[in-house]
Every structure is written in C-alpha cells, then in structure tokens.
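Peer 1: Protein chains in written order, with this note's numbering: chain A, 286 to 423; chain B, 637 to 1066.
Simulated from the structure, these hints should not be mistaken for lab results.
None of the values given here were measured: they were computed from a predicted structure.
Treat the hints with care, since some could be wrong.
[As the list claims (entries may be wrong)] With a cut-off of at most 30 Å between alpha-carbon atoms, the simulated DSSO-like pairs for lysine-lysine come out as follows: (1) Lys833/B / Lys893/B; (2) Lys758/B / Lys372/A; (3) Lys331/A / Lys895/B; (4) Lys355/A / Lys833/B; (5) Lys366/A / Lys734/B; (6) Lys331/A / Lys363/A; (7) Lys360/A / Lys906/B; (8) Lys833/B / Lys801/B; (9) Lys366/A / Lys420/A; (10) Lys913/B / Lys945/B; (11) Lys758/B / Lys814/B; (12) Lys814/B / Lys956/B; (13) Lys906/B / Lys895/B; (14) Lys814/B / Lys829/B; (15) Lys366/A / Lys355/A.
[What the hints assert, rightly or not] Partial list, derived from the structure: chain A residues whose beta carbon lies under 10 Å from chain B: (16) Asp305; (17) Asp313; (18) Ala333; (19) Arg401; (20) Glu403; (21) Thr414.
Quick reminder that beta carbons are idealized off the backbone N, C-alpha and C, glycines included.
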Amino acid sequence: MLKWYLMIILSFVMKTSAADQERRISFDNLPSMAQTFVTDNFPSQKVAIAKAEGYLWNTTYTVMLTNGNKLTFDKDGKWQKIACSYKNMPLSIIPQYITTNIAKQHPEAHIREISRDEKNFYVKLNDGTMLSFSKQNN
Amino acid sequence: MRLIYRMALRLSLALIPLIAIWAAVFYFTVADQINDEADDSLEDYSELIMIRVLGNRQLPPLNDGSNNSYSITPVSAEYANEHPDIEYYDAEVYIPEKRETEPARIMTTIFQDSEGRFYELKVSTPTFEKDDLQKAILSLIVALYLLLLPIIIGLTVGIYNQSLKPLYALLNWLDGYKPGKSHTPVPNDTDIKEFNKLNVAAQKAVERSEQFHERQKQFIGNASHELQTPLAVLGNRMEWMLNSMNLNEEQMGEIMKMKRTLSSIVRLNKTLLLLTKIENNQFPDSNRFDIVPMIEEQKELYDEIYAHKELDCRVTLPTKFEVTMNDSLASVLLDNLIKNAYIHTADKGSIAITLENGTLKVSNDGVAPLDGEHIFDRFYRNSGKEGSTGLGLALVKAVTECYSLDLRYEFKEKRHVFSVTLPENETKEN
C-alpha cells in the first residue's frame, strides 16, 4: 500500500506520465546478473534493443534480441519471462524436470514462453497449452 | 459573532483549498493513468512489430482498422546515436481512409537487427478518445467538488447544532436568571460529561450565591432588630437626663442636639428594618383598592410640609385606578417617590405626578442627570440633604421587585422622571 502511494507521489515529482514510459538503455546498464544470463544462454545473439521501465524497486528490464526473443528481468537482473516466437528457446534455461515432462506429455509441441514467480514456473506451448510447475522438483 | 458562523467560516476557509488540492491531485493522477494506458498499448504494439521484423515475418498492415498506424524506416548508425532515447509525443496524424488529420500519440524506438542495421519504428494511436475521457473526468471532478463542499459544511453545522443543544439550554437559562429571585433549577438532562460538569457547577454557583444573599438579608434584619433596643434605651436615658437632672441652658442644648441625632439613627434603623421585611416577603397580603385617593392624600400632605419651598405640583390622575397589592407597601412606594420629588426640587420649581396607561410618573425639575445605574442602591445619595436616609429609592425598588413591576429613571428635558408600572391585576409575588 505504501509503495503504491509513493509511486503516485513519485509520478508527480517526475514529468507526468513519465513514470510508466520505457527508456532505452545500453546493454552495459543492465544489472550484471541479467548481462551474464544473456551472454551465457544466448551467446550468438545480438541485442536489438534494451529497455528499462519504472524506478527503484519497481524497475523492470526488457531485452529484445535480434532473433526475435524477448527477455524480461526484475530490478536485480533475475529473469522473469522469456518469450521466443520462432522456435528458438534455448533449453539451457528450462529446468530438467519440466523439459522431461513436456517431452512426455506434449511430444510434438515446443515452448514459446516461460515465466516464473516465487512459487511456480509457467510455460506456454506453441499449440496454446499453458502449464504450471511448482518450483520443487516433482 | 455566533460560534457556529465562525466555525462555518473557518471550516470553509480550510476546506476550500484543501479539497481543491485533493481534487487537482486526483484529476492529474487519473489523467496520468489514462496517458499511461495509451503509452502501454503503444509499447505493446511496438514490441509486436519489432518481433515480426526481427523474425522476418510478414508485417501487419500499416494502418489497421482501429486507426493505429506504424512506420519503419532504416536509419544510419549516426542517427541512432543522435537519438538514443525512446520518445513519446503527441502530434497530428493523417488518416488516409478517413482523409482526416487527427490528434494522436506517437512512440519512436530505434533498434538494430542481426546484421547491425538500424531501424526507426514509429507507432501511433489516436488520442481523441483519451482527450474526451480526460475532459469528462475533469467536469465530473469539478461537479463533485462543488457538491461536496456545501454538503460537508452543511453537515458540520447540523451536527454542531445537534451536539451543542445542552449548551444553548444553559445559555437560555442564564438569560432568564435574576439574582435574588427564585428560579427554576439549571436544566441538566444531557449525558455529555462536559455539559454535565458545566450545569452542575452553574447550579452550585447559583445556590451558593442565593445562600449568601439569604444570609446577608437575615444579618441586616437581625442587626437592625438588635439595634432597636439599645437605641430605645439611649433615648430614654436622654429623656430622663432632660427631665430629672438640673441642667443649665448649654447642657440642655447639647442633649437636645444628641436627641436629634439619635432620632435620625432610629429613623434609619426603622427604614432598614422595613427594607429587609419587604425583601423577605413579610408583606404577603394583597388587597384590591383604588390607589388614586392615596396619591392625592400624599400630595396634599407634602404640599403642606414643604409649603415654604413654594413648589408647583401638578397631578393628572384618572378618577379611579384599582391595584392589587399590599396597601402598606403601596403607601411606602408612593411616599418615597413623592417625598423625594419635594425634597430634591429647588425652591419655586415644578413637580408633576401623572398616572396613564397603568404607569405612574413622578417628575421634577433637575439640573444634571443622576446615575441611573446606582440611584436605586442603598445609601447612594447625590448630596447629603437633611432628612434623607439614602434609602428612599432603595425602598421603592424593593417594593417594585416584590411585584415584578417595571421601575425606570430618565432625565428628559431637564427633568428627572421616575416611572413605575402599577399592578392592576394579580401579579406573581415572589
């Protein structure tokens, strides 16, 4: 609740409507965890554009790679969502038990998008199926 | 100024700016949210197109049916460096299908593809709806503000009136309170602590004051009573001295002077006794009788006594006027008023006694006005006239208070005027 009020006040202190606008940043301005993640999992890709939105604890980072992948990171650089529209999701990102499960249950499908919160992983397949997996290995 | 008006004024002064600030903050927050929504949709649109471009897929039509439009232009690296930021701005956009130019919001992004080529992507969405929305919200907020203020103030005034009823009951009671007269107890049927305290304190104060008043009256009465005996004894002794002792002229002269002085003390004491008796309601019996003959008698009496002053006294009386009061008290009243007029008028002056519309007026020539606030107080006198006890008018006042009569003094056209309403009907004695 307090965060909400502070956001309102902040959005006055800055230009009106500026609080929610995206701003372009260079790759080096991303949190180091995010940079490492990109170079580790997408070594051959270039960054089409890197953007930041929000301030302080509400900051999110978006990286669009030149192969069409869209990565979203939280304020610390931990990935929140990875969307690959063109069948090019790197499997290194996805926990083993999930890939095994999908290979078994949906052998023909491939993953378009994976996102996570504190408790679960959420996976969207190209045929429209949405799955969720809790974080403990099960 | 009454408390409620002051409160309403202060409340308005405080609320008008405060609520205005609130309304302004609210409006701008909402307006911002609306703008944010528009910008968010632009961001989504822009990402969608970017992904398509990067994946070499077919791009959406430049202008879809909802009047959103976009454009992609390849640009040089220098250009990309010169425009590092994502830009949002409002502009007029030409819509070919409608053949019209309309206000829109535009977002520009520069990105590069896998071959390092830079592109500038512009997406736009019409804003007239957004503007309409903002205008509607603005008018609603203004209307709400204009409605809210009077409601708040009205409510406060209403609640105040409701809550402070006991205070006004007490104030009303205070208006009706006259010291020395009997009164209803202080009204106290509230359960609010503060008012309870106030009422109880007022009641106690009144009771204390009443008691004090009572004790004082009694004291004077007792004192005068006690004085009577020693004064009588003193008078007798002086008589005896005059009659039995062999005194020379000089000594007799001195004792006569002492006797005269003693007489005035006795007279004073008697008057004080009379005064306390009247105040203690020891003349409760009233008869109905015609007061006119009494007035005429007194006038004639004083005409005789003060004939040497050659005063001109005129009476204007109805043939008959019946009053209901104690006849002794009536006599005291008339006596003192009329005697005062005769004593305090200079030689060859004029006096007038009239009885009209139930009001008795005794007026006489005067030089300067008397102090209306104090003349009815005991022992207040303008000049120490021979034969004046200083209690005459106090007696008059005591009688009028007995019957709740209206007693006034005015100085008009160089005349002192004393007026008393007479009790025609049975008056409430207290």
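Peer 1: A separate judgement is required for each hint: does it hold in the structure or not?
Peer 2: Going down the list of hints, with the structure as the test:
Taking the CA atoms of lysine 833/B and lysine 893/B, the gap is about 61 Å. The hint is violated against a cut of 30 Å. Pair hint lysine 758/B plus lysine 372/A holds up; C-alpha atoms about 27 Å apart against a cutoff of 30 Å. Using a Cα cut-off of 30 Å, the hinted pair lysine 331/A and lysine 895/B is violated, with the two alpha carbons roughly 136 Å apart. The hinted pair formed by lysine 355/A and lysine 833/B fails the criterion: a straight-line CA distance of about 75 Å is larger than 30 Å.
Annotation: proposed proximity of lysine 366/A to lysine 734/B is violated, straight-line Cα distance about 40 Å (limit 30 Å). Taken as a hint, the lysine 331/A and lysine 363/A pair is honoured in the structure, with Cα atoms around 19 Å apart against an allowance of 30 Å. Among the hinted pairs, lysine 360/A with lysine 906/B is inconsistent with the structure: their alpha-carbon atoms are about 105 Å apart, more than 30 Å. For the suggested pair lysine 833/B and lysine 801/B, the alpha carbons sit about 15 Å apart, so the restraint of at most 30 Å is met.
A threshold of 30 Å between alpha carbons decides the hint, and for lysine 366/A with lysine 420/A the separation of about 15 Å falls inside it, so the pair holds. About 34 Å separates the Cα atoms of lysine 913/B and lysine 945/B, which puts this hinted pair outside 30 Å; it is violated. Using a Cα cut-off of 30 Å, the hinted pair lysine 758/B and lysine 814/B is violated, with the two alpha carbons roughly 89 Å apart. Of the supplied pair hints, the one linking lysine 814/B and lysine 956/B is violated, its CA atoms being roughly 34 Å apart against a limit of 30 Å.
Among the hinted pairs, lysine 906/B with lysine 895/B is consistent with the structure: their alpha-carbon atoms are about 16 Å apart, no more than 30 Å. Proposed proximity of lysine 814/B and lysine 829/B is supported: the alpha carbons are some 27 Å apart, at most 30 Å. Distance check on the hinted pair: lysine 366/A and lysine 355/A sit about 8 Å apart at the alpha-carbon level, within 30 Å; holds. Interface hint at aspartate 305/A: satisfied, since its Cβ lies 4 Å from the closest Cβ of chain B, which is below the 10 Å cut-off.
Nearest Cβ of chain B to the Cβ of aspartate 313/A: about 13 Å, over the 10 Å cut. The hint is violated. Hint status for alanine 333/A: holds, given a least beta-carbon distance of 4 Å to chain B, under 10 Å. About 20 Å separates the beta-carbon of arginine 401/A from the nearest beta-carbon of chain B, more than 10 Å, and the hint is not met. With a cut of 10 Å, the hint placing glutamate 403/A at the interface with chain B is violated, because the nearest CB-to-CB distance is about 25 Å.
At about 21 Å, the closest approach between the beta carbon of threonine 414/A and any beta carbon in chain B exceeds 10 Å, and the interface hint on this residue is violated.
Checked against the numbered hints above, the structure breaks hints 1, 3, 4, 5, 7, 10, 11, 12, 17, 19, 20, 21 and satisfies the rest.
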